[in-house]
Amino acid sequence: MRGAAGIVSASLSSWEGPAPADLEARLPQPNSLRRAGEAARAAVAAAADAFRAAGVRVSERLGAYVGQQQIPLVYCVEFLEQSYREGPRLASPLLFSESVANNAATHLSLTFGLTGPLQTFIGSRAAGLQALAAAVEDLAQGVVDAALVVVLSFSHELTGAAYRAIFRPFGRRRGGPPLRFRDGAAALVLARDGRRPLVRVASVCAGSDPAAQRAAVRALWEDAGRPAPVVASFFSLARARSEAILRDALGGAVRIPPEEPEAFALDPIARALDPQGPGAAVCLGEEGGAGILVLGR
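Add 10 to the 1-based position in the sequence shown for the working numbering, that's all there is to it.
No wet-lab data here; the hints were simulated from the structure. Hints may be right or wrong, so weigh each one.
Unchecked claim - Using C-beta positions, here's what the derived DEER-type ranges look like:
1) P267 x P187: 16 to 22 Å
2) G235 x P98: 50 to 56 Å
3) C215 x A150: 19 to 25 Å
4) P179 x G261: 42 to 48 Å
5) A111 x I266: 29 to 35 Å
6) E34 x P188: 36 to 42 Å
7) A35 x P267: 27 to 33 Å
8) R236 x L128: 32 to 38 Å
9) A238 x V87: 42 to 48 Å
10) P188 x S69: 26 to 32 Å
11) L128 x E270: 29 to 35 Å
12) G65 x A225: 20 to 26 Å
Just so it is clear, the structure is predicted and the values come from calculations on it, not from any experiment. Even for Gly, the Cβ is constructed at its ideal location relative to N, Cα and C.
Assemble the whole structure, with the sequences as input and the hints as a guide.
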């Protein structure tokens, strides 16, 4: 993937707590988002910002690629609660349609009139990297002339409860602070002649064995040209374990960030795009997935 694509423009916004007040103002008009949730709205707003800065014309030769850790759980909960309360025949089909995995991709397509390739990657911390890698591959093979990549992080209280039950099973009985989340979206417009070269993006599934994860991270890093420093991105409730694996694999090349709210698939993208950072991020997911993203200056 070296030299196959570069970033023409990028937009990144994230927050802890309520969505920013300007989110609605950033949406293009008209749009399909009257009853959509925050994740779809943030995806469209980020894409609109990136498109404006890029000056790229939307055509059938533009592909869109979305990466996110989970489906919009808020609509799943509302749909199930309404089904239990009023019966499945009276449950709103709108709630169901807004809960499916490609919901954000649907609203991107409807709002911007996208007719090219459209893919959604879901279910891991590396989902954003997988979306980015798919875009680079399609650009390199001439499938598209430009690509929009959107990466999302949106969580629900059920997300925190589920992960705490697995990673802090005894903590549920003692209470303790809730798992903090950072919501948000990143959008990148890519082209073969982008201003900022995308040096390397890759991901693998290493499994749960620490030795296999160390080997996978090391192999990704070496294949990317051994960038140093490279900032780490890992699941917040598995911090000690992840730190040990990454330090064993990369030694002094890895930079461990301070504790921050959990942002799942958005986190490695945000760390690589950070203008104050090294432009290189390595991620280790809670399910054993690993990935790397290296950007040129």
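Flag every earlier hint the structure violates by its number, smallest first. Hint check: 4, 6, 10, 12 fail, others pass.
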